[in-house]
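Enquirer: So the chains spell out like this:
Protein chains: 2
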Amino acid sequence: MKLDLSLYLVTDKRNKTDDEFLEIIEEAIKGGTTVVQIREKEGETLDFYNLALKVKEITSKYNVPLIVNDRIDVALAIKSEGVHIGQTDMPADVARSLIGDEMILGVSASTVEEARKAEKDGADYIGTGAVFPTATKDDAPSITKDDLKEVTGSINIPTVAIGGITLENANELAGTGIAGISVVSAIMNSKDPKIASENLLKIYNEKIDKN
Amino acid sequence: MKLDLSLYLVTDKRNKTDDEFLEIIEEAIKGGTTVVQIREKEGETLDFYNLALKVKEITSKYNVPLIVNDRIDVALAIKSEGVHIGQTDMPADVARSLIGDEMILGVSASTVEEARKAEKDGADYIGTGAVFPTATKDDAPSITKDDLKEVTGSINIPTVAIGGITLENANELAGTGIAGISVVSAIMNSKDPKIASENLLKIYNEKIDKN
Numbered sequence: 001m002k003l004d005l006s007l008y009l010v011t012d013k014r015n016k017t018d019d020e021f022l023e024i025i026e027e028a029i030k031g032g033t034t035v036v037q038i039r040e041k042e043g044e045t046l047d048f049y050n051l052a053l054k055v056k057e058i059t060s061k062y063n064v065p066l067i068v069n070d071r072i073d074v075a076l077a078i079k080s081e082g083v084h085i086g087q088t089d090m091p092a093d094v095a096r097s098l099i100g101d102e103m104i105l106g107v108s109a110s111t112v113e114e115a116r117k118a119e120k121d122g123a124d125y126i127g128t129g130a131v132f133p134t135a136t137k138d139d140a141p142s143i144t145k146d147d148l149k150e151v152t153g154s155i156n157i158p159t160v161a162i163g164g165i166t167l168e169n170a171n172e173l174a175g176t177g178i179a180g181i182s183v184v185s186a187i188m189n190s191k192d193p194k195i196a197s198e199n200l201l202k203i204y205n206e207k208i209d210k211n
Numbered sequence: 001m002k003l004d005l006s007l008y009l010v011t012d013k014r015n016k017t018d019d020e021f022l023e024i025i026e027e028a029i030k031g032g033t034t035v036v037q038i039r040e041k042e043g044e045t046l047d048f049y050n051l052a053l054k055v056k057e058i059t060s061k062y063n064v065p066l067i068v069n070d071r072i073d074v075a076l077a078i079k080s081e082g083v084h085i086g087q088t089d090m091p092a093d094v095a096r097s098l099i100g101d102e103m104i105l106g107v108s109a110s111t112v113e114e115a116r117k118a119e120k121d122g123a124d125y126i127g128t129g130a131v132f133p134t135a136t137k138d139d140a141p142s143i144t145k146d147d148l149k150e151v152t153g154s155i156n157i158p159t160v161a162i163g164g165i166t167l168e169n170a171n172e173l174a175g176t177g178i179a180g181i182s183v184v185s186a187i188m189n190s191k192d193p194k195i196a197s198e199n200l201l202k203i204y205n206e207k208i209d210k211n
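These protein sequence lines map, in sequence, to chains V and W.
Heads up, the first sequence stops at 211 in UniProt numbering, and the numbers go up one at a time, no gaps.
Heads up, the second sequence stops at 211 in UniProt numbering, and the numbers go up one at a time, no gaps.
Next up, chain V with everything else stripped away, as it sits in the complex (with noise of 0.2 angstroms):
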């Protein structure tokens, strides 16, 4: 599967359903979306389990890939195609060796060195963060447009910028070298996900990926 980070959902399952988190997900992915990561760190592991089971059944459907923020454990047992680790989850060269050559190893690096490290570790692709204030995660480091190209520049994987991206401030990232924008709110909280995925690849693959 060529991996397409074009526009990448980070799930959020808080205030939602189970009925209502996996009907965002799939009209995200009728509306474009090309990869979706679960992140869920609270609860019990066999809830994760459980949800992240019907995730999979969709986003196999529409056969996109899926990430699994931080559990291996949890993405081994799903089968998805891929983990999500951040700084402070499991060392990216132990994931590595614990998912096998197959999987896709995303890696969050917020500084030159953090992405050198990450692609050296047998990450394919680098999450960069925070490019703008985000409610989100109110820990994540900031970066600026000038950091995000220095990161791109620094590596030979590609790079998705994630962190308070809307479908008014998405354009301000033309020219930094980014693979694709990663977003939680602007689906997860949109009224429309199917449009909001709409409107977030064409801001990209007009206004970005070919600036």
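These are calculated hints, taken from the structure and not from any lab test.
Since this is a predicted model, take the numbers as computed values, not measurements.
Don't be surprised by glycine CBs; every beta carbon is placed ideally from N, CA and C.
Check before you lean on any hint, since a few could be wrong.
Stated by the list, open to error - Subject to a maximum C-alpha distance of 20 angstroms in a straight line, what follows is the list of computed EDC-like cross-link-like pairs (lysine to aspartate or glutamate):
(1) W:Lys41 / V:Glu42
(2) V:Lys41 / W:Glu44
(3) V:Lys54 / W:Asp93
(4) V:Lys41 / W:Asp47
As the list claims (entries may be wrong) - From chain V, some residues computed to sit far from chain W (all C-beta separations above 12 angstroms):
(5) Lys16
(6) Lys30
(7) Gly32
(8) Tyr62
(9) Asp73
(10) Pro91
(11) Ala95
(12) Lys120
(13) Pro133
(14) Ser154
Place chain W on chain V using the hints.
Expert: Chain W in isolation, oriented as in the chain V frame:
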């Protein structure tokens, strides 16, 4: 490695520095603890992974099996001897498929039905409780000595009793058919974890195992 469940320590890192925590584990092993389980339900994966690596150094030095609670990814990453899962963690059959045939699989089971299912799903032992009131897991179901005896009699794999076991009440478990006693506070919060272990193991060997 033959699994000797006689004195099974479940650790609790709360309110302890790494050094204090590791010293308690080493002293407990010197006092006769036969299995160590590490359990961290909060905090970052990287912290658990790093702590688990340090515990593994100690348990390997004394040839005592190390069991990781819930986090199969951490268990695989540090090459622990086994994993232990509760009824709200990964399903036991999925856990078994992730860890392969060689690693030890323990499952918490408080009823005959849960115990039989655990055995069928590939558990090597079950942990059953709480046999006495406990402050460590105040949401644990409590069971009587008759319940415990019914569980041990219903399966062909060994049972470890857990929950509020102390030097004062452990002898009450005689005649229940258990293969070991599991404690948290009786060792973790003891002034002398080595002597506490010696005394608990003595009670198990003299009052419970032979009855």
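Enquirer: All hints are to be evaluated individually against the structure, with a verdict given for each.
Expert: Now the hints, each set against the structure:
1. Distance hint between Lys41 of chain W and Glu42 of chain V is fulfilled; the C-alpha atoms sit about 9 angstroms from each other, no more than 20 angstroms.
2. At most 20 angstroms may separate the alpha-carbon atoms for a hinted pair to count; Lys41 of chain V and Glu44 of chain W meet this at roughly 9 angstroms.
3. Of the pairs offered as hints, the one joining Lys54 of chain V and Asp93 of chain W holds, with about 18 angstroms between alpha carbons and a cut-off of 20 angstroms not exceeded.
4. For the proposed pair Lys41 of chain V and Asp47 of chain W, the alpha carbon gap of about 15 angstroms is at most 20 angstroms, so the pair holds.
5. At the 12 angstroms boundary, the C-beta of Lys16 of chain V stays outside the reach of chain W, the nearest C-beta of that chain being 21 angstroms off.
6. The claim that Lys30 of chain V lies off the interface holds: its Cβ sits roughly 30 angstroms from the closest Cβ of chain W, which is beyond the 12 angstroms cut-off.
7. Under the 12 angstroms C-beta cut-off, the non-interface status given to Gly32 of chain V relative to chain W holds; the minimum distance is some 32 angstroms.
8. Residue-level check passed: Tyr62 of chain V sits 25 angstroms from the nearest beta carbon of chain W, beyond 12 angstroms.
9. Its closest Cβ contact with chain W, about 4 angstroms, brings Asp73 of chain V to no more than 12 angstroms, contrary to its assignment away from the interface.
10. Distance check on Pro91 of chain V: its Cβ comes as close as 7 angstroms (rounded) to a Cβ of chain W, failing to clear the 12 angstroms threshold; non-interface status is violated.
11. Not every CB of chain W lies more than 12 angstroms from the CB of Ala95 of chain V, the least distance being 8 angstroms, so the non-interface label is violated.
12. In this structure Lys120 of chain V is separated from chain W by more than 12 angstroms, as the shortest Cβ-Cβ distance comes to about 18 angstroms.
13. With 12 angstroms as the threshold on Cβ separation, the claim that Pro133 of chain V sits away from chain W holds: the shortest Cβ distance comes to roughly 23 angstroms.
14. Listed as outside the interface, Ser154 of chain V is consistent with that label: its C-beta sits roughly 23 angstroms from the nearest C-beta of chain W, beyond the 12 angstroms cut-off.
Checked against the numbered hints above, the structure violates hints 9, 10 and 11; every other hint is satisfied.
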